[in-house]
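The numbering of the sequence shown is the numbering used here, which starts it at 3 and goes up by one.
You may find that some hints are simply not true.
Quick list of simulated restraints, FRET-style, between CB atoms [stated by the list, open to error]:
(1) A94 - G235: 48 to 54 Å
(2) N45 - G235: 43 to 49 Å
(3) W319 - A156: 16 to 22 Å
Calculated lysine to aspartate or glutamate pairs in the EDC-like style (CA-CA distance at most 20 Å, straight line) [stated by the list, open to error]:
(4) K69 - D30
(5) K269 - D329
(6) K320 - E16
(7) K324 - D261
(8) K69 - D26
(9) K119 - D19
(10) K192 - D329
(11) K320 - E88
(12) K119 - D30
(13) K324 - D30
(14) K269 - E335
(15) K63 - E88
(16) K192 - E88
(17) K63 - D30
(18) K192 - E335
(19) K324 - E124
(20) K320 - D217
Since the hints were derived computationally from the structure, they do not count as laboratory data. Even for Gly, the Cβ is constructed at its ideal location relative to N, Cα and C.
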Amino acid sequence: MPAPKAMRSKGYVESFDALTLIYDCFYDDRARQVVLVCPRLINLWPVLRNNLRLDGEPARKRLRRSKHLRVEVLRLSAPRRPAFIEVGIGDASHEVPVGSQEFDLFAGRNVLMAISKDNPVEWIEDWARYHISAHGADGLLLIDNGSSLYSPAALQGRLAAIPGLAVCRVIPAPFPYGGPGGGRLHLPAKFLQTSMFNLAQLRFLHRARAVLSVDIDELVWPGAGSIFDAAAGSAFGMVSFFGHWVYPASGGSAKLQRDHGFRLGRKIIPNPKWCIVPDSLAGQFSWAIHRPAGLLYPLSIRRRFGFWHCYATSTSWKHNRKREIPDLSPCSELAEAIRQHLPSN
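Please take these sequences and the hints and turn them into a complete structure.
Here it is, written out as structure tokens:
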């Protein structure tokens with residue numbers, strides 16, 4: 003664990019993923035490399051490096067490591083796609099299947115991307131319907147973090163039936179999500195979401211027209227035009243934008259996005275969301291939850307775009323979002339957007 007013992011809360015220890023070495027493994031046909039997407043390996047790096055084998059031979063000399071705050075991407079030179087690679091630890095040998103890139107699946111699409119666990123299907127459907135209507139989304143890549151209410155296949159079947167959605171893929175990711183970093187330093191403990199975003203970039207989305215990263219409880223404002231068009235027309239291939247909280251008329255239970263119509267002032271949420279063109283200058287950098295593209299991020303901020311963060315569209319997995327919020331005022335812009343792009347059936 004990167005946090006010193008004195009900074010490790012009970013939640014930090016219980017949620018920390020100390021077991022996963024590899025999230026996914028696939029073959030990059032263009033580079034002729036086996037690609038491994040991993041959480042930050044920290045002290046487990048020598049374990050993987052020294053025990054990785056390809057065709058029965060040690061792979062250490064052919065292995066290239068790209069290390070980021072919460073994710074690592076390992077590349078292993080190989081003239082052809084092998085069926086599997088091997089990781090030998092102690093007396094045990096583990097075969098890791100090698101998949102293939104699927105760039106054609108989302109080629110040319112405006113893709114919605116999010117991670118989700120046990121969110122009601124109706125929430126996900128309305129989230130997709132809104133962005134199809136308001137911004138022209140026609141692809142959906144959803145990362146399912148081990149939901150117990152439905153299987154990834156059942157969820158994909160339900161979402162694929164949404165009108166206007168040409169392509170849908172639900173990726174199962176039943177790994178620990180991780181908890182907050184220890185103390186003020188925010189030492190990385192949440193590896194999964196960033197790793198899954200980079201997996202999506204490297205395995206599925208390189209030929210997408212643009213990719214919008216917003217959560218199920220977030221709706222991008224429609225007033226400034228399509229967010230996908232804005233990203234595609236930007237100098238670096240990326241647009242970042244901020245949002246603010248919106249609320250239902252009363253608390254006490256989880257609610258649909260359409261049930262929100264009120265705000266509490268205009269305080270800006272400090273963590274932005276983004277839309278990026280994968281095959282662009284910005285898209286070549288590592289993807290992150292809030293600030294991808296490294297030094298290009300500040301140049302991507304566009305104040306004419308924003309998002310509504312729907313307070314009660316939540317399972318309250320992180321903290322209680324069912325409580326009553328006083329002193330609310332109507333948000334006419336949201337009410338009009340719901341009327342136009344998410345009308346009641």
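Hints, verified against the model:
no.: 1; hint: A94 - G235: 48 to 54 Å; in the structure: 52 Å, holds
no.: 2; hint: N45 - G235: 43 to 49 Å; in the structure: 45 Å, holds
no.: 3; hint: W319 - A156: 16 to 22 Å; in the structure: 21 Å, holds
no.: 4; hint: K69 - D30; in the structure: 18 Å, holds
no.: 5; hint: K269 - D329; in the structure: 14 Å, holds
no.: 6; hint: K320 - E16; in the structure: 14 Å, holds
no.: 7; hint: K324 - D261; in the structure: 13 Å, holds
no.: 8; hint: K69 - D26; in the structure: 16 Å, holds
no.: 9; hint: K119 - D19; in the structure: 17 Å, holds
no.: 10; hint: K192 - D329; in the structure: 34 Å, violated
no.: 11; hint: K320 - E88; in the structure: 37 Å, violated
no.: 12; hint: K119 - D30; in the structure: 29 Å, violated
no.: 13; hint: K324 - D30; in the structure: 45 Å, violated
no.: 14; hint: K269 - E335; in the structure: 16 Å, holds
no.: 15; hint: K63 - E88; in the structure: 15 Å, holds
no.: 16; hint: K192 - E88; in the structure: 26 Å, violated
no.: 17; hint: K63 - D30; in the structure: 18 Å, holds
no.: 18; hint: K192 - E335; in the structure: 34 Å, violated
no.: 19; hint: K324 - E124; in the structure: 18 Å, holds
no.: 20; hint: K320 - D217; in the structure: 14 Å, holds
In summary, the structure is inconsistent with hints 10, 11, 12, 13, 16, 18 from the numbered list given earlier, while agreeing with the others.
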